[in-house]
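Trainee: Quick mapping for you: the protein sequence lines, in order, are chains A, B, C and D.
Going letter by letter, the first sequence gives residues 1 to 359 in my numbering.
Going letter by letter, the second sequence gives residues 1 to 359 in my numbering.
Going letter by letter, the third sequence gives residues 1 to 359 in my numbering.
Going letter by letter, the fourth sequence gives residues 1 to 359 in my numbering.
Warning: the hint list may mix true and false statements.
Identical chains blur together in the list; that is why a pair holds if it fits in one copy or across any two.
Distance condition first, Cα-Cα at most 27 angstroms in a straight line; then the derived DSS-like pairs of lysine-lysine [to be verified]: (1) Lys238 with Lys291; (2) Lys41 with Lys193; (3) Lys208 with Lys193; (4) Lys208 with Lys238.
No lab work stands behind these hints: they were computed from the structure.
Protein chains: 4
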Amino acid sequence: MSVKVSIVGSTGYVGAELVHGFSGHPEVELKYLTSETFKEKKFSDVYPVFRGICDNTLVSTSDVPYKTIAQESDLVITALPHGVSSKVVPELLEAGCRVIDHSGDFRYKDVATYERSYKLTHPDPELLKEAVYGLPELYREQLKTARLVANPGCYPTCSIIALTPFLKSNPILIHRQDIIIDAVSGVTGAGRKENLEYSFCELDESFKPYGVTGHRHSTEINEQLSFISGDDNGKAVKAAFTPHLAPFKRGMLATVYAKPTKFFEDLSTDGIVDYLTSFYKDETFVRVLPKGVLPDVKNVNGSNYIDITGVYDEDTGLIKLFSAQDNLGKGAALQAIQTFNVMFGFPEDTGLKTLSRGV
Amino acid sequence: MSVKVSIVGSTGYVGAELVHGFSGHPEVELKYLTSETFKEKKFSDVYPVFRGICDNTLVSTSDVPYKTIAQESDLVITALPHGVSSKVVPELLEAGCRVIDHSGDFRYKDVATYERSYKLTHPDPELLKEAVYGLPELYREQLKTARLVANPGCYPTCSIIALTPFLKSNPILIHRQDIIIDAVSGVTGAGRKENLEYSFCELDESFKPYGVTGHRHSTEINEQLSFISGDDNGKAVKAAFTPHLAPFKRGMLATVYAKPTKFFEDLSTDGIVDYLTSFYKDETFVRVLPKGVLPDVKNVNGSNYIDITGVYDEDTGLIKLFSAQDNLGKGAALQAIQTFNVMFGFPEDTGLKTLSRGV
Amino acid sequence: MSVKVSIVGSTGYVGAELVHGFSGHPEVELKYLTSETFKEKKFSDVYPVFRGICDNTLVSTSDVPYKTIAQESDLVITALPHGVSSKVVPELLEAGCRVIDHSGDFRYKDVATYERSYKLTHPDPELLKEAVYGLPELYREQLKTARLVANPGCYPTCSIIALTPFLKSNPILIHRQDIIIDAVSGVTGAGRKENLEYSFCELDESFKPYGVTGHRHSTEINEQLSFISGDDNGKAVKAAFTPHLAPFKRGMLATVYAKPTKFFEDLSTDGIVDYLTSFYKDETFVRVLPKGVLPDVKNVNGSNYIDITGVYDEDTGLIKLFSAQDNLGKGAALQAIQTFNVMFGFPEDTGLKTLSRGV
Amino acid sequence: MSVKVSIVGSTGYVGAELVHGFSGHPEVELKYLTSETFKEKKFSDVYPVFRGICDNTLVSTSDVPYKTIAQESDLVITALPHGVSSKVVPELLEAGCRVIDHSGDFRYKDVATYERSYKLTHPDPELLKEAVYGLPELYREQLKTARLVANPGCYPTCSIIALTPFLKSNPILIHRQDIIIDAVSGVTGAGRKENLEYSFCELDESFKPYGVTGHRHSTEINEQLSFISGDDNGKAVKAAFTPHLAPFKRGMLATVYAKPTKFFEDLSTDGIVDYLTSFYKDETFVRVLPKGVLPDVKNVNGSNYIDITGVYDEDTGLIKLFSAQDNLGKGAALQAIQTFNVMFGFPEDTGLKTLSRGV
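This is chain A alone, in the form it adopts within the complex (with noise of 0.2 angstroms):
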């Protein structure tokens, strides 16, 4: 018997992602695609190329209350805008419904951090105690029975995936207030906008810094670096993270700049590969790549694979990280699909070993 899922705002990019990656899962039937702005079209007429594959109508809530969604559903996935999910979720949670969140509504523990970025206060901050960090990387136990699970933002999936095994360590082998995040994101990421900024003409051959100093990724980096390195306060971290826009469509790369601490023991290239070939070794979406490969978002679009390494920078003494993943792939909707599996007991990769494509 299928899992019903239900995706609200199914018609962003996140929300297209999630249907296209639901769409061959062989466990799942999509019950409510919700659209306010494309109520009564069918998915497929906002997304010609799902014609065939998902032509289910679009409801509004409006028409099919949250609560009715909530009950007919065995998880509920919000792609809502930052500050509308807060109202949402709650209302959905009460009807008995699990839910994924994929906005910053509940990605922090610290109430004060999340409003100071995103400049709103939390209508229901006792729900943040609740809320698990959908990175099953790290959290893959409390996932297992996560009520609310907030989907990390893309930036932050790609900068703790590449940090994690300094700071996870004991004792921890980098200082944690020189670390530098400089990533670069495709165009998806800022997400399906009537926008003069970014249209075709205005982005085709540009690139550009934008975001450089509080950035809202900035503070969940560091929140959730900062509880790996063992500071439950969520302050010890002091990254710098510079997003920068890039003219392709999808995928996203972090280069991190980190400086070893002496416990660093095989300060070397060789060691740091072989270092996180081991952390990861048991890992299905996290590809440690051979020695002298470096990523490519093309290598990771359209899959839920992130692809990292590093190398020691003798020179500098530094350490450089690399991480690679498709902004709406382990960047977004289908890192929640990978916990929706978790979550509901099926193996981690269910409906994930496709790629997207062979060239």
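Once you have looked at the hints, place chains B, C and D on chain A.
Mentor: For chains B, C and D alone, kept in the frame of chain A given last:
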């Protein structure tokens, strides 16, 4: 028990898409993947996106001869250059396997047309009689028992699918000597080439015609369209064909102009779309678009679908037809998998139901 | 003493290219640049590439009325939407300046054709008689003294330049009712738009036809080609026209199919190229390519050049013509500057000699 | 009377951009353009965009020896591979002309650093003392009379322009051992290459780091920054440098992280921008952006401008600097023309005032 499939020439773009497609096929075991250039490497060293998905070791046909490959495979797919296939395929067939060939070497019935088009002497013209043209929409019955299948060219597939409904009818609905096919291909159509002309810097922000007279696909299109229109000599249709190269990786679009005969009953855009819809109502992979919707390569890329429609241009009295497909999908590798399913008795969409992605 | 030029509607892509072109023109002073959306900002705030090159303050026509603009300028160039120009231009002319208009409002001689094509009532049809179609290769003499110039559409320019040699001859060399124009435009052709359909994520790796029947440029092309072919009623030519949108910013390519009449003497590719070369031997901006070379939009982008050639297709008896131009260059703004030079007595290539770049 | 300039190695991308730039320079006559690969062809056969602009015949140095080229030119610009320049340049100088060299062969003062970085033995280390590093913003006075100029690398130019204001000051304002330079280049940076890795299909929708340790530009950056900071040994600065390759043709962006010393007075974003503005107030080609505006490669491409700004990141106490330039413009060929103007006494912006385009 799985069907054993080997791919000769597996590291070109068609080969890689075959590996991609068969990797997700539940009834297939990939037996041998050959490559002379990359022998002894893993397939995933050449295409790192496949790491963990297809890590098969590439073999040279110097080490594993064609005879062995054929004997240990139920089907061998050859993705070799024109002129090479014609020598390799007879050897494979003799050893007892079935073959789908991707070159132009077995696509023609008239050896003279082949030899003129390819400027080659065919070493085994008898096989041309036996070879079945691998377009399931036209030759499904013959494909079921075919020993040798000539997988169609990419431009021919999208031209033929668009025009067949108007030429296969009795009486035929368009003039056979007044057809124009103006088509555009993504860059993968040129193959995986170490060639300045296909470098990023030469092709980005470029758009150009090429092969504007005497393109090989021109004679293939005309021979097939002639057969379809009832002329067993393959000479009745004289379509003009012009290909162009556009700056995207995958995708092909044909814009076709035709003059209706007096037998064309409902000469209107609605009439054309209705007729196409009815003609292709039983075909899974031909999607006739709803009225008012035009095809776009982005909606078919990564799939075996071909999207088509047509309009009547009152001002000129012409019919315009539009068809879009993935040049590596329905235009090459995925069409071969569709044919494979027909040949081996599987439902025609086995392994072809997943899209590449939602966005 | 410089010629004073003002641009009404200076912040669209055509406006910006006019500013670019005139910024490098030695005989011009840019007087007023108007913008309603960005009034009081600097032009270089809207297009930061111009910082230090053109920092003029944008004015609203509420603050500087059309009459003032006209009185203080020798030439006003209007880059306004269709239906707006037809109201503004008479006011400008009345105040005594000369005008080059970029809309479709003054391109037709037959007001009925205009009104049918644009679904508008023309407020000042008398001006259609006076307006000169701004294609210097055709109307150079009239442009010298023209008070009102209708700058041609982009598709019409590249269609007309390709076909003129075969229609202006006596007798005409191609059948007037058997012409097909299949054309492709870069995305700037759609204007500077806050529109989901033109967002990067929707257009990257996309290719599609649009406006496939009844496109406005179709009637403009046919009226002009009819005049050229000797039909003063503008009805003799019935070319079928199909535009497509391709994923690059700038550039336009037309592939034209025509049937030669019996008067075509040297019906061969060499004959066609020789004829074109001879026909355009005195035109600076029409580059007939050497035999064997086909046009590519990358070779004309950023310039006022249009590259053309033709071939004879023996298999079908058709002539194929190819023309490539920058849709914002020869297809819009730089052609207006060429016309400006004609109107004000400067050498025709003044300010137009520089290419955009070498690569 | 024009200055006679010859370009040795004129058909690479840097060579072509030199031809582009000098074609529009009012004081220059292009004397010899050499090419071994394309000798006897016209320059415009290799770059058809130049048809009618630069149709010079390419000569081989077998036919016109270096001595002749040098004797008949006032300046020879060499755009040759590393290791070749070091052999050719002495010969040219001996024959009496001045030289601007584009390779890495004369950029270092410390021959050991050069030899380690390039894995070559320098045949004429004495010339390293004489060669002037061709960054006019730093070495304008020396350039005026220089006989041999080493045109800087692209990454060094954008790194040095961003960091100079903080290292040239007294006392220096940032820690010299805590600098990170994370940079991105367009594909022309790799040169005009017949190489699968740089093919369109491999790079479109790709983004990746490369040369992540020991990149040659790393030592060039560090030697120059050390000099600027007052260390004549060229060893004091140890910046970590990581280049990335992005899917656009032209453009380069550096994101630089630095730690302020206690001497940094106004440690705020406003303070940084004010300081940069003041520092570069007399430089034509360094555009310090207005507060709140970040650089984008699209705004500098086709020009000799470099756009810079900086922010103070309160959360980490770091300064972040951003600089964008055209890798072939200020990063290579157009910077050489700026230097040419300095060397030959022309206003520094001669021939460099035109932008490539408005959009």
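Trainee: If a hint holds in the structure, say so; if it doesn't, say that too.
Mentor: These are the hints, each one checked on the structure:
{"no.": "1", "hint": "Lys238 with Lys291", "result": "between (29 angstroms within a copy, 25 angstroms between copies)"}
{"no.": "2", "hint": "Lys41 with Lys193", "result": "both (19 angstroms within a copy, 25 angstroms between copies)"}
{"no.": "3", "hint": "Lys208 with Lys193", "result": "both (18 angstroms within a copy, 21 angstroms between copies)"}
{"no.": "4", "hint": "Lys208 with Lys238", "result": "both (24 angstroms within a copy, 26 angstroms between copies)"}
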